[in-house]
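These are the residues of each chain, in order.
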Amino acid sequence: MKTMMELDRKYTGDGELHYEPLDDDAKKNTPERYVADKSVKRAVNLALFLRRPLLLEGDPGCGKTRLAYAVAYELGFPMQTCYVRSTTRAEDLLYTFDRLKRLYDIEEIRAGGKNATQRQDEVDTEPGAHKTTSDRKLPPMEEYVELMPLGEAIEKSQKRQIPSVVLIDEVDKADPDFPNDLLQTIEEWRFKIDETGKTIDAGKKTGPGERNLHLPLVIITSNQEKELPAPFLRRCLYHYIDFPDLATMESIIKKHFDEKLTPLFRVAVNKFLWLRSKDSGIKWQKPPSTSELIDWIKALGKEEEDGRITPEKLEKCGRRDLPLPGILVKCKRDRAEMMKS
Amino acid sequence: MKGSDDFLFPLFDDLRRRGLPLGVSEYEAAVKCLWAGVGLESPAHLRETLSMIWAKSREDRALLHDRFRIILAPLLYRRPVSERETATDGLQEEMAGDGQAPQTGTFGMVVMKPGGKPAAPEFLLRQGPGVGRPDLEPEKDRFQFIPRFPVRRREMTVVFRGLRLMRRIGAPEELDIDATIDGIGETGFFTGPVLRPLRKNTAFLLTLTDRKGSMDPFLPLTENLLESVLKGGMLGRVRTMYFHNIPGDKIYENPELTMPVSTEDVICERAPRPCVMIVSDAGAAKGYFDEKRARTTAGFIKKLNETGHRSVWINPVPPERWQGTTAQDIEKTISMFPLTREGLKDAVDLLRGRSVAPGAYESV
Chain A
1414 MKTMMELDRK YTGDGELHYE PLDDDAKKNT PERYVADKSV KRAVNLALFL RRPLLLEGDP
1474 GCGKTRLAYA VAYELGFPMQ TCYVRSTTRA EDLLYTFDRL KRLYDIEEIR AGGKNATQRQ
1534 DEVDTEPGAH KTTSDRKLPP MEEYVELMPL GEAIEKSQKR QIPSVVLIDE VDKADPDFPN
1594 DLLQTIEEWR FKIDETGKTI DAGKKTGPGE RNLHLPLVII TSNQEKELPA PFLRRCLYHY
1654 IDFPDLATME SIIKKHFDEK LTPLFRVAVN KFLWLRSKDS GIKWQKPPST SELIDWIKAL
1714 GKEEEDGRIT PEKLEKCGRR DLPLPGILVK CKRDRAEMMK S
Chain B
4 MKGSDDFLFP LFDDLRRRGL PLGVSEYEAA VKCLWAGVGL ESPAHLRETL SMIWAKSRED
64 RALLHDRFRI ILAPLLYRRP VSERETATDG LQEEMAGDGQ APQTGTFGMV VMKPGGKPAA
124 PEFLLRQGPG VGRPDLEPEK DRFQFIPRFP VRRREMTVVF RGLRLMRRIG APEELDIDAT
184 IDGIGETGFF TGPVLRPLRK NTAFLLTLTD RKGSMDPFLP LTENLLESVL KGGMLGRVRT
244 MYFHNIPGDK IYENPELTMP VSTEDVICER APRPCVMIVS DAGAAKGYFD EKRARTTAGF
304 IKKLNETGHR SVWINPVPPE RWQGTTAQDI EKTISMFPLT REGLKDAVDL LRGRSVAPGA
364 YESV
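So the sequence lines, in the order shown, correspond to chains A and B.
Quick note on our numbering: the first sequence kicks off at 1414 and runs consecutively.
Quick note on our numbering: the second sequence kicks off at 4 and runs consecutively.
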């Protein structure tokens, strides 16, 4: 059981592990070379302090999802990821109950029983052992329950007082009612498994000075495709991840390529920022993002190794003769813009 | 000079009235941060902290910055040096995790009582002519052109959510428990799960928007309306078409009116059946009755009614200005609603098939 002091951790945003991982799952977190700018850092720490979910919006490729992994890694918290589909409902993030397997098991036992005409209502449906005339017993209901990421996080908080980082990715992909359904769970940190009647409750009534440091930190990302409902927005802290400036961009690249900020990389970063700016004369439909820059630099690094490009050559390139443009430009219209005279 | 934490309240109340989704717990969260010393390093930090708790979009953030500058910033000022030195004994550690010690020249601070328990924050509220100026960095955008619409986009998306026609269509994907159990009951055997298609909203909204000319002043309003429909995300299908003054034989796929399509083809679509929403001032912006326009529009509405689609007319001009104009005439042939929350709500009710009692709408 960890003390409150051990759980009171702060995010520094430099990509290094600063704390002891809280459990074995946390030890499995892969190192995330993520450099966060000051405002992102403050947002994460504010969310940690208030223990409210943090809603992140921003252009695609700016690192919303990766931030969650980076936070889990740096703080030594176990990581839980919920991928959201258009058909996801709030209960799906908490647990699943395998109804089909249970039906199959019931059938199997019935078919294998000595009395083949045994009626269905003789099969006891209460949790616990069941009486049938066959040798096999029907497993209890708990066997068919599987906890999903959010449910697991709440159970960890309740049983072992260990906070997790829960990522709910692309919440706007789901049905617009989904965030509101989720709201009650992330406010009260309690849910009930209807099939077994068990309640998992991590919420604690704390006094005004105390803090719920054992509760999970929920990070939610959105691509702004849909308007999210007001009660949900109220509950969340909000941060928009702006496109990084030159200094942050350089530290991101440095971190990503293990401090090797070669002259070629420097030229590439400057070229990239120029391309995105108005000076290049390109009106982007889908402006290239940070992740595309990283891919481009990786590829350029290989080209440099093979002797096909040098920093000087790259410096001289205009927008029409840029090497490997396919990595940065993803749609026909932008390609045409780049090539226009 | 003791301040108290409810100096935040005027800003909070102002933002709430301007449509930010805020409740009591959000105010409490902000106060909690202040008590713990979060956001007290400078007015900019305070503004950023409040932004994270109270603003839920970039537009909200811009609005908050603007109102902060007007309402809150004038109340804050830098403490004179001598007072600062005595007050910083036992300064509580930075909760924001910047890792930086508060520098001289920083604004405001939390005073700790000996023994480590935080006292109520002592903000120095200006009582008389200010001693100094808050050290906010100069605003990049001096002029804040933040649109404030009579109906907020969030309100509109809520209204359009009402336009639902839920049907089970598509491939069977979902387990149908009742049918499966029935199957077992009928045969005595469990032969496999029975699946059914997911429920989807099959509502199809066709919007016809009047563009250019007299509709130009309403451009931000109508764009806001169309965006809220598209981003509400609840409708099965949305198709936006444009016209100028009256839908003729051709209507256009783009707002610049350069991609024509036959009107007949569009409105005669049957599967699925569209709900039609026309957005136009119907001549009300011009202020007089134009017989030719009235006749041609009536002709179009007649054709539209023949298709049997449910249709409504949304007029951005306030209802009290419809009288004596072409709009008054058109109102007799099709249900016309103002571009307000009540108007839109009634329009959607009508599109759903509910009857709507003709009512007077409050002036905007």
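Treat the hints with care, since some could be wrong.
Stated by the list, open to error - Some, not all, of what chain A presents toward chain B, calculated at C-beta under 7 angstroms:
#1 1420
#2 1432
#3 1463
#4 1510
#5 1639
#6 1646
#7 1650
#8 1654
#9 1655
#10 1712
#11 1714
Said to hold, decoys possible - EDC-like, lysine to aspartate or glutamate: derived pairs with alpha carbons at most 16 angstroms apart:
#12 1639/A / 189/B
#13 1451/A / 1588/A
#14 234/B / 1588/A
#15 203/B / 1588/A
#16 1639/A / 158/B
#17 1667/A / 1450/A
These are computed hints drawn from the structure, not numbers from a lab.
Built from N, CA and C at the ideal position, the CB exists for glycine as well.
Results of checking the hints against the structure:
1. 1420: 15 angstroms, violated
2. 1432: 13 angstroms, violated
3. 1463: 5 angstroms, holds
4. 1510: Violated - the Cβ of residue 1510/A stays beyond 7 angstroms from chain B, reaching only about 11 angstroms at its closest.
5. 1639: This hint holds: residue 1639/A lies near chain B, its Cβ roughly 4 angstroms from the closest one there, short of 7 angstroms.
6. 1646: 4 angstroms, holds
7. 1650: The hint holds - residue 1650/A has a Cβ within 7 angstroms of chain B, the shortest such distance being about 5 angstroms.
8. 1654: 11 angstroms, violated
9. 1655: 9 angstroms, violated
10. 1712: 33 angstroms, violated
11. 1714: 32 angstroms, violated
12. 1639/A / 189/B: Violated. Residue 1639/A to residue 189/B sits at ~45 angstroms, over the 16 angstroms cutoff.
13. 1451/A / 1588/A: 33 angstroms, violated
14. 234/B / 1588/A: 12 angstroms, holds
15. 203/B / 1588/A: 10 angstroms, holds
16. 1639/A / 158/B: 14 angstroms, holds
17. 1667/A / 1450/A: 14 angstroms, holds
In the structure shown, a violation is registered for the earlier hints numbered 1, 2, 4, 8, 9, 10, 11, 12 and 13, in ascending order.
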